[in-house]
Structures are given as C-alpha cells and as structure tokens.
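> Sequence:
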Amino acid sequence: MPTLATHADPAPSRSIAEAVNRWFAGAARPLPWRAADVSPWAVLVSEFMLQQTQVARVQPRWEEWMRRWPTPADLAAAPPSEAVRMWDRLGYPRRALWLHRAATEIVERHGGAVPRDLDALLALQGVGPYTARAIAAFAFGERHPVVDTNTRRVIARAVGGVAEAGPPATARDLDAMSSLLPDDAAAARAFNAGAMELGATVCTARSPRCDDCPIATHCAWRAAGYPEYDGPRRARQARFEGSDREARGLVMRELRAAHRPVAPRELADVVAEPGRLARAVDGLVADGLAVRVEGGLALPEA
DNA sequence: CATGCGTGGTA
DNA sequence: TTACCAAGCAT
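Taking this note's numbering, the leading residue of the first sequence gets 179, the next gets one more, and so forth.
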C-alpha cells in the first residue's frame, strides 16, 4: 500500500471520510445486523458468517440463527453438531464450529456477554484482526480502524492510485485506515462501515461504477487515468471440481443430513476416489468437524 | 508469509 | 465454460 505522502491532496483523510459518510448516510443497505437495537452477539454472528461470504447468502441464515440462538449461552448449550447443521451450506463449516466455541468461551470467560475489549475479542476462537475490530466498532462504537477486503481496495485506489490492494499486510492496512479515520467515534464507526459498503457496492473488484462514486473527485486511481494493476497477483484458487475441498463439502452434506453415523460405504457413494475420500475424512476429523464413531462418521456432539 | 479451507454468484 | 471473487482465519 503506497503511503499517503505520495498523494498531492494535503488532507485527503478528512475529505475522503466526509464524502464517504455523506454518501453512506443515504446509500447504506438496510442490513438487519445494522439495526440500532441488535445485540453485540447479533453483530458477532453476522461477522462470522460474513467472513469470505457475501451479504445476500448470509442474511437468511443469520435471521434463522438469531431466532434459534439469541444469546451466546443459547448456542453454547447446543451441541456443535446442531451449529454445523444450522450453518448448512454457507461454506467453510469450520466457522460454525468456531462460532460455537466462541460462544462457549464468552459464557465461560465473560459471563455470557460479548466482550468489548479488543484483546479479549481477539482471544476468541475464530476472531481475527478484522472480526475483532468490526465487533468493537459496530457493536460497541469503539474507535478502531476496521479493514476488510473492500476497504483495502478502496484505499488502494482512492489513496494509492492503483487498481488492486496487493497482498494483505495487517499492520500496514490498519495504519492506512487509521490515517483516514475521523477523530469522532461515531464518524469513525460510520466511515468504517461506509468504506466497506463503498467497496462492496460501487468500488467493486470487477466492474467498479466510478460514475456513481462519491469520492471520485478524491480518487488517485481516477486521477492517474485508471492504470492497470502491475503488482503481485494473488495465487490462483485451485479448481474446485474434483478437489479435496469439494470432497469435504460432499462428506459434510451427508453428515448433516444423516442424524446417525454414516458408514464408509455410503461415503464412497458420494466421493468415488478412495484417496480423495480418505484425505477429506482425515482432514475433517483433524478439524473437529467429524468424529469417527461406531458405525462410521458423525458430526461432533460435544 | 503462504496455504488450505466451501459454496455460489458474476462476467 | 471457465476463472475470478467473496465483511478472513488458523496454522
């Protein structure tokens, strides 16, 4: 991420944040976890679900989840298997396990209340630099820089003048956002959310809608004539068809549906290649998503 | 620091 | 159709 010193605007931080916040005040999508009366737990659940997963897929799952487990204690009282089943096909089912674990930790270490402190949040299973700050900022109004992939792209373009953000570097990314962040806590909170929203809906990776951009006049990438990205490319994702990831997903689908141990023979019907099946099962067991029991494989009951 | 980890939408 | 991308995290 290029430094602010290379930019000509003497005070880009103030103008960018102000413009984003003006736009966000009218353009924010009415996402249910942004409602004024939602609990910190509701925000936490949304952030787990939103890790690498789009809003449109998360929303219905989040509604169901909050209806069934409205507090950390409610989820902690359920077996992990039920969390994994409710997670259904949101993807990365480890997150369901992590969320269940985090709920347990919140009950055990924090009396059932989501902690406000950044270090306490970071200590929760499945909570990393992004999620911890998102909870602190959006659930509690704390003034922290929140940096996700959208924000990284917005800053790379508007401030850095380049098309893409390059590989993540947490410390640098947080510094870059900090230098743009308004002093006022409420404005900082809005800017954190607004920068993400801008990246998700306008300053998108594929087809950015620069004509509709509220910070077009501040954008260094635009000023530079939209140069193509020439930095290091992200490693290409392996083909999903025929992959171990796909096999894991197929096995998990069987385990969720079964409500009883699934025999090896049944799994072989789903993943024909023995080697691929074995790697998938071993991996799932290692991750705690599956347990070897009498009669085959099952979801973890504790 | 690079990888592996699900699933589905989009160009 | 294929490839890219998505409110990241743990290892």
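One or more of the hints may lead you astray.
Cβ-Cβ distance ranges computed for the label pairs, FRET-style [said to hold, decoys possible]:
| no. | residue 1 | residue 2 | range |
| --- | --- | --- | --- |
| 1 | Glu406 | Gly473 | 21 to 31 angstroms |
| 2 | Arg246 | Ala435 | 14 to 24 angstroms |
| 3 | Ser357 | Pro210 | 45 to 55 angstroms |
| 4 | Ala446 | Ala203 | 50 to 60 angstroms |
| 5 | Glu444 | Ala203 | 18 to 28 angstroms |
| 6 | Gly473 | Ala364 | 11 to 21 angstroms |
| 7 | Ala256 | Ala441 | 35 to 45 angstroms |
| 8 | Arg246 | Arg443 | 40 to 50 angstroms |
| 9 | Ala364 | Arg443 | 17 to 27 angstroms |
| 10 | Ala446 | Ala255 | 49 to 59 angstroms |
Keep in mind the hints are simulated off the structure, nothing from the lab.
Cβ atoms here follow ideal geometry from the backbone N, Cα and C, with glycine treated the same way.
> Taking the numbered hints from earlier one at a time, note which ones the structure violates and give those numbers from smallest to largest.
1, 3, 5, 6, 7, 8, 9, 10
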